Amino acid sequence: FGDKIQGRRFRIIRKNSLGISSESYRNRDEMKAAKLNYQLVVCGSDQIWNPSDQYGVDSVYYGDVPTLNPARTISYAASFGTSSVGERWLPDIKRNVERLDAVSVREPYAVDLLERSANVNSMLVPDPVILLGYFDDLLKESEAMEDIGIFCYSLRTDNGTRQLSSALNNKYGCGIVSPHNPHRRWPEIGQTLYCGPCEWVMALSKAKFVVTNSFHGVAFSILFKKNFVAVGLSGGKEGLNDRMLSLLKSCNLMDRFVEAANAVSALPLFERAINWQDATDYIKASQSSAGDWLKKQIELSAHD
24 FGDKIQGRRF
34 RIIRKNSLGI
44 SSESYRNRDE
54 MKAAKLNYQL
64 VVCGSDQIWN
74 PSDQYGVDSV
84 YYGDVPTLNP
94 ARTISYAASF
104 GTSSVGERWL
114 PDIKRNVERL
124 DAVSVREPYA
134 VDLLERSANV
144 NSMLVPDPVI
154 LLGYFDDLLK
164 ESEAMEDIGI
174 FCYSLRTDNG
184 TRQLSSALNN
194 KYGCGIVSPH
204 NPHRRWPEIG
214 QTLYCGPCEW
224 VMALSKAKFV
234 VTNSFHGVAF
244 SILFKKNFVA
254 VGLSGGKEGL
264 NDRMLSLLKS
274 CNLMDRFVEA
284 ANAVSALPLF
294 ERAINWQDAT
304 DYIKASQSSA
314 GDWLKKQIEL
324 SAHD
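Using our numbering, the letters of the sequence shown correspond one by one to residues 24 to 327.
Hints may contain errors.
[What the hints assert, rightly or not] EDC-like, lysine to aspartate or glutamate: derived pairs with alpha carbons at most 20 Å apart: (1) K27 x D278; (2) K27 x E166; (3) K229 x D124; (4) K260 x D69; (5) K27 x E164; (6) K272 x D135; (7) K117 x E138; (8) K260 x D76; (9) K319 x E169; (10) K58 x E46; (11) K249 x D278; (12) K231 x D304; (13) K38 x E164; (14) K248 x D278; (15) K272 x D304; (16) K229 x E169; (17) K117 x D87; (18) K249 x E294; (19) K231 x E294; (20) K307 x D159; (21) K249 x D304; (22) K231 x D159; (23) K229 x E166.
If you are wondering where the hints come from, they were derived from the structure by calculation, not from laboratory data. If you're wondering where the values come from, they're calculated on a predicted model, not measured in any experiment.
Please take these sequences and the hints and turn them into a complete structure.
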């Protein structure tokens, strides 16, 4: 995406941490020709079930993967990425989700949608970031970094995050950093960091304050117990807030959410101590239940 340092950092992660094989397949015919032999196929997570206006519903993201022996196929923390899926996609979603042997999703909306439109019961589980909850290995891989004042992580727009970060910086004079976004269509916010995954996690962990409109910005803020504010997306992007709102509600941290139009009004929140107990309880409970669910699926695949 135009920055060699950032590109190198991503290549290192792909090579050393993700465990991805060298093989790749562009379509089902190539997968079939490869004669894949898996016991378990896991679809997940993030917005894999968000229908595309150009391509519709992609069956591969529902486990439509040809294998030599029919593999047990499940989803983990799959998301539609929005609080409203168009009615025109429901027949395709129903047909595809019925392929799965077990279904788990990350938002209550998805649970309700699948029960209503496909008569499918699904397990509500946390995002893999929450499930893992441990990032010391990534921090060890990161280059050394000084403490940071404000970590501003904006996706899709700077509306609200820019205004709140600027107001926070004007009050405390602690400086703003923001990770490089190759798709950014707005001016730089503070100092740009060309982060790979390790440096991104390190920067957030080093921050005194976090301002973000991203689900994962919120998730890591909660895991690292950062003084944060979540800024909602507005207009046509408002439905994308659903994942973030679901997590905040589960952690009893809805008071840390602010609409973009009123972002600066959240400035006093940074002086208010956060009670992390409910968030800690949610994380522990969800890690336990989701871990047990995954272990069960792995055991079942071994016996199929």
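So, going through the hints one by one against the coordinates:
1. The straight-line distance between the Cα atoms of K27 and D278 is roughly 40 Å, outside the 20 Å bound, and the hint therefore fails.
2. The straight-line distance between the Cα atoms of K27 and E166 is roughly 16 Å, inside the 20 Å bound, and the hint therefore holds.
3. Between K229 and D124 the CA atoms are separated by roughly 42 Å; this puts the pair beyond 20 Å, and the hint is violated.
4. For a cut-off of 20 Å, the pair hint linking K260 to D69 stands: about 16 Å separates their Cα positions.
5. This hinted pair checks out: K27 and E164 have alpha carbons roughly 18 Å apart, not beyond 20 Å.
6. Distance restraint check for K272 and D135: the Cα-Cα separation of roughly 17 Å lies within the 20 Å cut-off, and the hinted pair is therefore satisfied.
7. For the given pair, K117 sits about 10 Å from E138 by alpha-carbon distance, which is consistent with the 20 Å threshold.
8. For the given pair, K260 sits about 15 Å from D76 by alpha-carbon distance, which is consistent with the 20 Å threshold.
9. Under the criterion of a C-alpha separation no larger than 20 Å, the hint pairing K319 with E169 is inconsistent with the structure, at around 43 Å.
10. Distance restraint check for K58 and E46: the Cα-Cα separation of roughly 12 Å lies within the 20 Å cut-off, and the hinted pair is therefore satisfied.
11. Annotation: proposed proximity of K249 to D278 holds, straight-line Cα distance about 14 Å (limit 20 Å).
12. The hinted pair formed by K231 and D304 fails the criterion: a straight-line CA distance of about 24 Å is larger than 20 Å.
13. Restraint check: the Cα-Cα separation between K38 and E164 comes to about 13 Å, which is no more than 20 Å; the hinted pair holds.
14. For the proposed pair K248 and D278, the alpha carbon gap of about 15 Å is at most 20 Å, so the pair holds.
15. Only pairs whose Cα atoms come within 20 Å are accepted, and K272 paired with D304 is accepted, the gap being roughly 13 Å.
16. Simply put, K229 and E169 have alpha-carbon atoms about 7 Å apart, close enough for the 20 Å limit, and the pair holds.
17. Distance hint between K117 and D87 is fulfilled; the C-alpha atoms sit about 14 Å from each other, no more than 20 Å.
18. Simply put, K249 and E294 have alpha-carbon atoms about 12 Å apart, close enough for the 20 Å limit, and the pair holds.
19. Taking the CA atoms of K231 and E294, the gap is near 12 Å; set against the 20 Å cutoff, the hint holds.
20. With a C-alpha separation of about 18 Å, the suggested pair K307 and D159 falls inside the 20 Å cut-off, and the hint holds.
21. Restraint check for K249 and D304: the C-alpha separation of about 17 Å stays at or below 20 Å, so the hint holds.
22. For the hint linking K231 to D159, the alpha-carbon distance of about 19 Å falls within 20 Å, and the restraint holds.
23. For the hint pairing K229 with E166, the CA-to-CA distance comes to about 12 Å; that is within 20 Å, so the pair holds.
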